[in-house]
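> Given two chains presented individually in distinct reference frames, assemble the corresponding complex, making use of the accompanying hints.
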Amino acid sequence: MDCSEYVDKFLSAHADGELASRERRLAENHVGGCPECRTRLAEERSLKVLVRQHTNIVKVPAELRLRIRAAIGEMADPNFIGRNFAPRGQDSDRQLLWPVRQTRVWAPVAAAAAVLLFLAVYSGRSGTPAPTTQFHPVPVFDLAITKYDSLASYFVPNVPSDRNGSDFAWVMDRESGQPDAGMREDIGRSYSEADMLDDLFNFDPAGYQLSGGRLDRLADGRPVTYTLYRGTGNAILDIGLKDPQMSAPVGAVYWIGMRSFYQYKGYSFCLTFSPPGHFVSITLTRAPLTELIRDVALADAVATGDDR
Amino acid sequence: MFEQVALPHLDAVYTAALRLTHNSDDAKDLLQDSILRAYRFFDQFRLGTNCRAWLLTILYNNFRNSYRRRSREQLAATIEQFDHQAETRSLVDDPPVRNPEELIATRMAARRFEAVLNSLPSEFREVLVLVDVQELNYQEIADVLEIPLGTVKSRVSRARAMMRRAMLKGAVSRGKTGS
Numbered sequence: 001m002d003c004s005e006y007v008d009k010f011l012s013a014h015a016d017g018e019l020a021s022r023e024r025r026l027a028e029n030h031v032g033g034c035p036e037c038r039t040r041l042a043e044e045r046s047l048k049v050l051v052r053q054h055t056n057i058v059k060v061p062a063e064l065r066l067r068i069r070a071a072i073g074e075m076a077d078p079n080f081i082g083r084n085f086a087p088r089g090q091d092s093d094r095q096l097l098w099p100v101r102q103t104r105v106w107a108p109v110a111a112a113a114a115v116l117l118f119l120a121v122y123s124g125r126s127g128t129p130a131p132t133t134q135f136h137p138v139p140v141f142d143l144a145i146t147k148y149d150s151l152a153s154y155f156v157p158n159v160p161s162d163r164n165g166s167d168f169a170w171v172m173d174r175e176s177g178q179p180d181a182g183m184r185e186d187i188g189r190s191y192s193e194a195d196m197l198d199d200l201f202n203f204d205p206a207g208y209q210l211s212g213g214r215l216d217r218l219a220d221g222r223p224v225t226y227t228l229y230r231g232t233g234n235a236i237l238d239i240g241l242k243d244p245q246m247s248a249p250v251g252a253v254y255w256i257g258m259r260s261f262y263q264y265k266g267y268s269f270c271l272t273f274s275p276p277g278h279f280v281s282i283t284l285t286r287a288p289l290t291e292l293i294r295d296v297a298l299a300d301a302v303a304t305g306d307d308r
Numbered sequence: 309m310f311e312q313v314a315l316p317h318l319d320a321v322y323t324a325a326l327r328l329t330h331n332s333d334d335a336k337d338l339l340q341d342s343i344l345r346a347y348r349f350f351d352q353f354r355l356g357t358n359c360r361a362w363l364l365t366i367l368y369n370n371f372r373n374s375y376r377r378r379s380r381e382q383l384a385a386t387i388e389q390f391d392h393q394a395e396t397r398s399l400v401d402d403p404p405v406r407n408p409e410e411l412i413a414t415r416m417a418a419r420r421f422e423a424v425l426n427s428l429p430s431e432f433r434e435v436l437v438l439v440d441v442q443e444l445n446y447q448e449i450a451d452v453l454e455i456p457l458g459t460v461k462s463r464v465s466r467a468r469a470m471m472r473r474a475m476l477k478g479a480v481s482r483g484k485t486g487s
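Protein chains in written order, with our numbering: chain A, 1 to 308; chain B, 309 to 487.
Please note that the accuracy of each hint is not assured.
Unchecked claim - Stretches of chain B that chain A covers, calculated by requiring three or more beta carbons in the stretch to come under 8 Å of a beta carbon on chain A:
| hint | region |
| --- | --- |
| 1 | 319 to 325 |
| 2 | 331 to 340 |
| 3 | 348 to 358 |
| 4 | 449 to 457 |
Because the hints were derived from the structure by calculation, they are not lab data. Since we're looking at a predicted model, the values are computed, not measured. Backbone N, C-alpha and C fix where the C-beta goes; we use that ideal spot for every residue, glycine too.
For reference, chain B alone in the conformation it holds in the complex (with noise of 0.2 Å):
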């Protein structure tokens, strides 16, 4: 039962874990352990719910009481820090743009969408990534986390607020380089 209920979802699992640790080997040491955890409390596991959410709940309990010192993450640690950094990227090498369309529908596509993405404070990326890339809802969410509910609204709101500052910011500077 375990393997055909968990195992669909270890691919998915195991990218959580490359974003919380930045490192592969730390990545499989905390997948193996969280698996294998998952493995022992199955019978807590209720059948029906999502299982995904339930797998990413152990990860993040395993990576929050063994692995989060082990972790290095170079990130932008404050909003301030991550708005100044986009301003600061957009004056590089991004292509001309002519209109919002086109802001939307090639410039968020390009390279530097992933850069922005993963340049957002960690607390807002990860909710980003939960609701967007791991499909949770926000209950799930806020149970993987530990966090209130409210909060997950407010992160994902502001995360997405912050993606768009960005993006338009580039637009802005560009338009300044007069390039």
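Bound-form chain A, shown alone (with noise of 0.2 Å):
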């Protein structure tokens, strides 16, 4: 083999370890007895660590990131409805995310998905959906039962729920004898301020009021919020925390949009994930399903000037 032959056939393949055992036998005697080529072959490694060095890999922006898990969760699901209401793609896959460009309006969509669900379920055209999947418990959902168990009957807020920081929760308007109708927005300004997800449900319509609000930390140090609402005989109890990894398990009763609903131990669950800032909402309650679904969709349609 000549220095000609070794750099046009042999040289990139041989830096690459792309020459078969005979081919690399030939190369590298050719190279142990030529300094050129040697130096061309450190070189040629020297060019493909350039290379790497010169062409970063760019992480995927991180509400694409959920949301394509959250796709992927929704599609695991076969009783899956939510692409029912998102906008419709060029295919059956699209159908199952909303386009990028439209990042900013999945949470009206969802709400007006919410209350469409809730007319076809109330108005008997469509049912629950019998599943054909069983639900895989994850450990969130038995630590969300424990903390339900334990807050919905004794409950202690913790953050400032008017805006001199003074009271917590219970504070009732002197002449309606109602919650301070500041009180839901004083609680979000505390749970933004650390850096945590500030939309709270507004229950009212539902019959439920809000009790108050507590910012603590998980086990492993990370925020975490619980917002207590009561109504007549029951309690919901919604969690909020940041889990970039969390996708929605499989067995959802229904989906809407971000929204999947579970019954799970005699509770029934409503698991929203927003993606900006990598949120999970669990909502929980001993209400039955069908309760919570139209309780979420009331509180969406307010949230979204719908129920005018």
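Structure (structure tokens):
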């Protein structure tokens, strides 16, 4: 083998480790006796390193990563009906996700979808789909139940629920005897200052009143919010946390956009993904699932002004 | 299973999508389409093979079928153009080169290296990125690009030769300017 043959036919494949054993032996014999080709091989390998160094791997934006994970959770779930509410895309896959350029409209779309679902369920045109896949329990659901059992019976708020920061929950308006209208906003502000999701449900139309909020830490140090709503005979607890890795478990009874609904151990769950910030909201109650769907639909309708 | 096997490659696949589309919105669309398609056909993936290569094959197919017309690429279209551009660039603001070792160690590591790489005709740049950055073997690259194995070999070889030539031209031109 001469230098010209080595450079033309072997050099790159040699540097890339792509030579078969016989070719590699020939190439190594030549390089072993040729300082010039040894230098060329070293340069070729330097080029490989430089190309790698100068071509950065770009991280996927967090919200896109979360949206993909949520969509995979939806596709894994045969009970998924959220696609019925997503904007039409180019094909069936695209209908599982809202197009990237429309990420900011997801909340209103989900809210509108919730109202549609609520109307469908309660007008008798559509019942709860019979589950064809068993729910795969995830530890966070058991933790949520433990929290619900303790907080629903004894809840001590620890974030201010008035503008002065001096009162905590159960702040009643003296004239109406109802909770202070600014309470939700003030608790939300406290959550926001702790870099947590500040969207609180308004379950007033569903007959629940906001009891207050807690800002705690999970065992691993992550902040978590607990917001409790009390109704007649039942309570709803909303747990807010950040979890970029979490995707929706298989076995949802309903899907409404980023919200999925589950039944587990006698509790009704609503799981909500909020892509900006990786927030996950776990809303649970002892009330039947159809009631939770209705209550969430009503709250979403209030949030988007659809109740007017 | 899909999440454990495929999602660790998300960043690498997104990087490839960006290089193909030159547009972050298109890249996001292309990525999510491709990953969901991969999920639907995950039963066709053979465990133990290179999942990144499989995902990139889907991405490139998707790009060829749906996105190519949307992509906007303003790169050197021919090798001659590339060589001309490389020579022109070298007249601008390169540091002095004292010897070939320095050429490799410093000049090629400078910002200019990136410019040269990015100016390679796309079919040559593509194979270099797939082999050196995505760390695919030649057969995997052939599958991703739907070209014969021999073409991959010759493109890699020619791409590196072009890079080397561009660097050397830079050095010679620099000497000519006498600065």
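> Decide, hint by hint, whether the structure agrees.
Hints, verified against the model:
With 4 residues bearing a CB less than 8 Å from a CB of chain A, the region 319 to 325 of chain B meets the requirement of three and the coverage assertion stands. Given a C-beta distance limit of less than 8 Å, the hint that chain A covers the region 331 to 340 of chain B holds, as 5 residues qualify and 3 suffice. Using a Cβ-Cβ cut-off of 8 Å, 1 residues of the region 348 to 358 of chain B lie near chain A, which falls short of the minimum of three, so the contact claim is violated. With 0 residues carrying a beta carbon less than 8 Å from a beta carbon of chain A, the region 449 to 457 of chain B misses the three-residue requirement, and the given coverage is violated.
Hints 3, 4, counting from the list given before, are not met by this structure.
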